[in-house]
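**Q** If you read the sequences in order, they're chains Y and A. If you read the first sequence in the numbering used here, its first letter stands for residue -19, the second for the next number, and so on. If you read the second sequence in the numbering used here, its first letter stands for residue 7, the second for the next number, and so on.
Just to be clear, a hint being listed does not mean it is correct.
[Claimed, not checked] To give an idea of the interface, some chain A residues facing chain Y are shown, with a C-beta separation under 10 Å as derived from the structure:
{"#": "1", "residue": "72"}
{"#": "2", "residue": "78"}
{"#": "3", "residue": "79"}
{"#": "4", "residue": "144"}
{"#": "5", "residue": "187"}
{"#": "6", "residue": "233"}
{"#": "7", "residue": "236"}
{"#": "8", "residue": "261"}
{"#": "9", "residue": "376"}
{"#": "10", "residue": "406"}
I should point out that these hints are in silico values taken from the structure, not numbers from a laboratory. A quick note: this is a predicted structure, and the numbers were derived from the prediction, not measured. No residue lacks a Cβ here, since even glycine has one placed at the ideal position from N, Cα and C.
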Amino acid sequence: MERDEVLRRLRELCARVLSVPEEAVVPRARLVADLEADSLDFAELGAAVQEVFGIAMDEDDVMERAVTVADIADLVLAGQTTGPVAEVSG
Amino acid sequence: MRAARVGAARVVITGMGVRTAAGDTPGALWAALAESRPAAGPLRSFDAAGFPVDVACEITGFDPAGYLTPKQAARADRSAQLAFCAAADAIEDAGGLAAEPGRRAVVTGSAHGGLLTLEHALLRQVDGVGRPRALYTPMVMTNAGAALISMVYGIGGPSLTLSTACASGGHAVGEGAQLVRAGSADVVVAGGHDAPLTPTNMVAMYRLGALATGFADPARSSRPFDAGRKGFVMAEGAAFVVLESLESARARGARIHAELIGYGRNSDAYHLTAPHPAGAGALACMAAALADAGVTAREVVHVNAHGTGTELNDLAEARAVAELFGPGEVPVTASKSVTGHAIGGAGAIEAVIAAMSVASGLAPPTANLTELDPRCELDVVTGAPRKLPAGPVLSNSFAFGGHNVCLALAPVEDAAL
């Protein structure tokens, strides 16, 4: 999946999980500072990323390694090169 | 005159809020009842083509915006959202919670918890494993409503949830009153809620033979005590009251809707889904509420029946009422003819209706009663609201599992001070 497609899907996913408008979910948007994500949101983000992209990512992965939306995209793209862990379809 | 309970605080209702298919305020609900306008309509909560049940009491256009932030709402099942909105209205109606956080309590009743969230996750299963979101468990838990109410309103005292199927809401109000009586809390938000309109739950209740279906006009489907009844109509809904001591309400000049003078609860200890055929449990439960209130059956002016519209309930309840009060001796109303059966919410919805009967001196009519089942020796109010003398009103709830509750409400009687 290309980066643009990953970002497009992440925009929808983050807006739904974080209860924010899609237009706020730009690549440079900071998850905590701009989108007001809390620890429960990170747990939900991890589960949603796994569902949509088929990549296992827990709350700690997202919290420790992703500051911005673009960072999640990087994790997804990196996960894709190592292969999906979970066989689920969005 | 009522015998005073030595040492225990007298408990009054100072706030009420509802979310029902028949109205989203107590006033709107009362208007629907007074005009016998059933909320039952064609089932629309999900694609019902080919579905064996064709009717439900659905709350259309419900939106928790203005009560919950988008994030709070996204983290709450519809059942907890309904609970929160009804509780918020009750608290506003009471003029806020007049006690410090540690002296505030909340008691909720729910049969199903977050059933929509649960079913959504399970129906999307892959290889036998559901696909839950991370917040699945705290959204499905039956205490989710109590948790949400306690967090937003700073309720630092007891927050409890009980689950007694169709009696949950009545038990929540009764046990909430017990907290005030026992001095465990000064103000209690108490009520019940459920959002049970899911395909699996409705099919299950249909297979059990409990649901009405197949009427040409869906609005005619809920017919408690009528010879043509076929079962109950499933509803979603919530109702909450604010309870406090009479002393507290008087001291702050609060409006009092009704006094909760008695609380009876017991068990049939008989059958998983059927009431005792002679209504033995129901009779003992009403008697317990009267004994707790210190009043006699002769003083009771009205009974808001459990009145589901299933033959098993209606016959057993009618026998119990006729035995306790005498055949046709007390005016009876079955509000579920208008509201449908909101399961864990029902007892609390009917407690609010009973409180409005106390406050207005009126028994609302039972809708859809065209031919009283001759086996029900009852004076069922029909047509128009009936004037009542001032006096105790009972509200019954009898559940699957044989869990019974009866609340006794009355106008505040100064002479008993």
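**Q** Flag every earlier hint the structure violates by its number, smallest first.
**A** 1, 5, 6, 7, 8, 9, 10
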